[in-house]
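Using the hints, position chain B against chain A.
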Amino acid sequence: MCDLYLVDDDQDVLDSLSWMLEALGHSTECYISADRFLASVDLSQPAIAILDIQMPGTDGIELLTKIKSANSPISVIMLTGHGTISMAVQAIQKGAIDFLEKPVDGDKLNHLLAKALEQTNNAFTEHNLQASIVERINTLTPRELQVMHKVLQGKLNKVIASELNIAQRTIELHRQKVMQKMQVSNIAELAYLMANSKV
Amino acid sequence: MNRRAISSFCSVICPTLRRTSMTLLLVCGACFAVAQEDASHFTNATDTNDVAEKLGEHSVSTTTIITPLRVGALAFAAPDAVYKRWAPTLARVSQETGIPLELIPLTPNELVEKVSREELDFIIGNALITVAFKKDYGVSHLLTLMPRNQVSPEHAVGSALIAKQSLNIRHFQDLMHLKVVSSDPNAFGGFQILAGEMVKQGLNPLADLKHLSFVGFPQDKLLDQVLDGRADVAILPTCVLESALARHLIPPNALHILLPKTDSDIGCQTSSQLYPSYAFSKLGKTDHKAASAIVRALLAITAQDTQAVAGHYKYWSVPVNDSHVFALLKNLQRWPFVTNWQRLAEDATPWALLIAIGLLLGYFHHLRVKRLVVKRTKALSDEMAQHKHTQKALFEQQKQFYKAQRVLLTGEMASGIAHELNQPLAGIRYLTQGCIYRLDETQTDLKQALNKTILQVDRAQSTIKRFRQFCQQPSVYQNCDLKDLIDETLNLMQPDFKRMKLVPQLALWPITVSVDQSLMQQVLVNLIRNALDAMETSHKPRLQISVLDDAGQVHIVITDSGVGLNDDALQRLFFPFETSKANGLGLGMVVCKRIVEEHGGKIRAFNNQKATTELDDLKARGNLTFISAIPPKGLTVLVTLPLKGQIDV
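Residue numbers (the numbering used here), protein chains in the order written: chain A, 1 to 199; chain B, 1 to 649.
Heads up, some of the hints might be wrong.
[Said to hold, decoys possible] Cut-off 27 Å, straight-line C-alpha distance, at most; resulting in silico cross-link-like pairs (DSS-like, lysine-lysine):
id: 1; chain 1: A; residue 1: K66; chain 2: B; residue 2: K619
id: 2; chain 1: B; residue 1: K465; chain 2: A; residue 2: K108
id: 3; chain 1: B; residue 1: K392; chain 2: B; residue 2: K403
id: 4; chain 1: B; residue 1: K602; chain 2: A; residue 2: K68
id: 5; chain 1: B; residue 1: K135; chain 2: B; residue 2: K289
id: 6; chain 1: B; residue 1: K602; chain 2: A; residue 2: K94
id: 7; chain 1: A; residue 1: K66; chain 2: B; residue 2: K610
id: 8; chain 1: B; residue 1: K602; chain 2: A; residue 2: K66
[What the hints assert, rightly or not] If you anchor each label on the Cβ, the simulated ranges turn out as follows:
id: 9; chain 1: A; residue 1: A188; chain 2: B; residue 2: D617; range: 48 to 56 Å
id: 10; chain 1: B; residue 1: E536; chain 2: A; residue 2: P56; range: 24 to 32 Å
id: 11; chain 1: A; residue 1: T65; chain 2: B; residue 2: D550; range: 45 to 53 Å
Honestly, the hints are just simulated from the structure, not real lab data. We put the beta carbon where it would ideally sit given N, CA and C, even for glycine.
Bound-form chain A, shown alone (with noise of 0.2 Å):
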């Protein structure tokens, strides 16, 4: 289970809401203005969050923007009063996983709230697979990097050996040294993880 934020500017919205989610075996976090949110939230973390739109200073949409801007795994799902197309395409376009009007059904929510549940889990962990991804590669030296990416490309040591100049000993050290630090124990495990790395 994650943190479950509310933002909204109504106080007894925010109360109401939490008193519902709580019966549904949620516990919330309410913040009165996006600004306070901001304040205390560590946006790192996987964590779902309720926003209002219409909120006075910074609003609903533009704290998701800054969210999803943090690169934060957060899953955002945008509450509104009333709701237009346009606000609502812009909120999905921006990265909210859904996009509902006030009041939202308890069920409905509840059902919401599992999928972002995982979504956030996903979001972090994939946050932290990249994290990890580049820790790796930041331990290997320049030259295990040349020969990491000339092992994915699929050619043999002598070939690598011979485009790089050096002895093929000496690359079978390097490959090793990759494999290693890259914590996989073939080139297929490399290649895979390589290849959902983004970076």
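For chain B alone, kept in the frame of chain A given last:
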């Protein structure tokens, strides 16, 4: 050559020629003279050889001089008689001078016509017509005829009133009720001289002689009419009566001359002053040498010569004093029968032309003025129509604007109310559903009731939603020029600017945007009105409006020098029912925000200090040419719209 043969040849040829064209070549004239001599059995010294010689000379001269000089002779009724009278004289002159002459008997009108066209070289005419020609056509009087039986060429012709012995009168006035006959109104010796006398007496001969009639020639006919009693008085030239008596045509002492002059120079009695007889004149163009030769030849004729006998004259004299003829002409010129209409017409032609041109110019001027009037009237009415149209358009625009505002405000109010109701309804629904979730399986009654609560909430909400949708106006997007739109809006608000004595500072240029014009106008009007309201108490109100485009966006910057807003009010500026105005509804800015957002744009407001940094940012991107520094205090509203075709929908 046989004289008889010549004369018979001539008598066959010449009349034919004469009849056909009323002209005769001098050869014929010479023949005629010979023929006449022959016919009248004159015993003349001229022998056949002479004639032959003369004819020979003529045939030579006709070959050398092709065109003969033309002599027009005045003739009234009998051109033949006139021809016979002058032809021998001219034949002789022609013979003596070697100049071919052509004699043309002409009526007064024909004579005038030919003289005016300069188709003649010489004229033989009465004193009056000669004087008239002198005056009108510059004809030179060369010789005056000395008639037979007269003693002075100056006093040769007069007019006589002839009546029966039983009739006598004392004044010309007495003629007024008598039956008067005369031969021709143009006859000099007959009617014209007498008419001149009557004019001198203050009478109008044509009007006052009630029973005047012109019976034509011959003149003896008139005497018969007087004798018959068909006429009381005959107006005839002098000597006609005496000649008739001499020829025993009328019984002696039957007729007498009325109003006879005693000191008559001539052997006959006259009722009028006497005037000179015929005159021989040349036209201005005629060669003077030829004229001199002809004059010499004419002067050589003596009373005994056959030519003089045929012409009923003694000899030709030098011109005599014709001043009294001039006086007569002057008298008569008042009367139409002697008026030279052609001459008058010629005289009048330039004037008539001038008048015609004047009239024509006047008419053109009139036409031009008329056209101008029509044009101006049309222009004026066009302008009026245009003005009316503009006014109507403005009125329509205003109406539309207010309608749009009303609709928008209604919509926005509905929207605001909907929002305000929606929040508590949402709360109720969440709380109710939270309650339901908290119930255990046994509490079905409560669950049912709470579910009904939710249904009620949903019902209320759907009502609100429908209400809001009903009040919303569908937008119509059109490409339009933002500059035009702003100008139009400012025009719409002109009265407000006038009231505040404010001239907005503008930095506009054409930028095409795709917007709902009436909605965007609402935005502009609301923003400008807000700015004006904020400056209501300001001494030096300033309003700056500028547009600039920046990477697919267009910014509209509206800056006032008003009181500005505190941070809290600024944060809630675009929320419904937030207002600083006593009578405000707090919807204007909400409307603006909604419209701008519906256009895919953004609207932001800053206090001027903060706006400066924001605008500096725009300036840094190099596309803001703001008119001048923005006022230190006041509000700046920045509306950002996507350029056309870039709305995210």
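Each hint, compared with the structure:
no. : hint                        : result
1   : A:K66 - B:K619              : holds (25 Å)
2   : B:K465 - A:K108             : holds (20 Å)
3   : B:K392 - B:K403             : holds (16 Å)
4   : B:K602 - A:K68              : holds (20 Å)
5   : B:K135 - B:K289             : holds (23 Å)
6   : B:K602 - A:K94              : holds (16 Å)
7   : A:K66 - B:K610              : holds (22 Å)
8   : B:K602 - A:K66              : holds (17 Å)
9   : A:A188 - B:D617: 48 to 56 Å : holds (52 Å)
10  : B:E536 - A:P56: 24 to 32 Å  : holds (26 Å)
11  : A:T65 - B:D550: 45 to 53 Å  : violated (19 Å)
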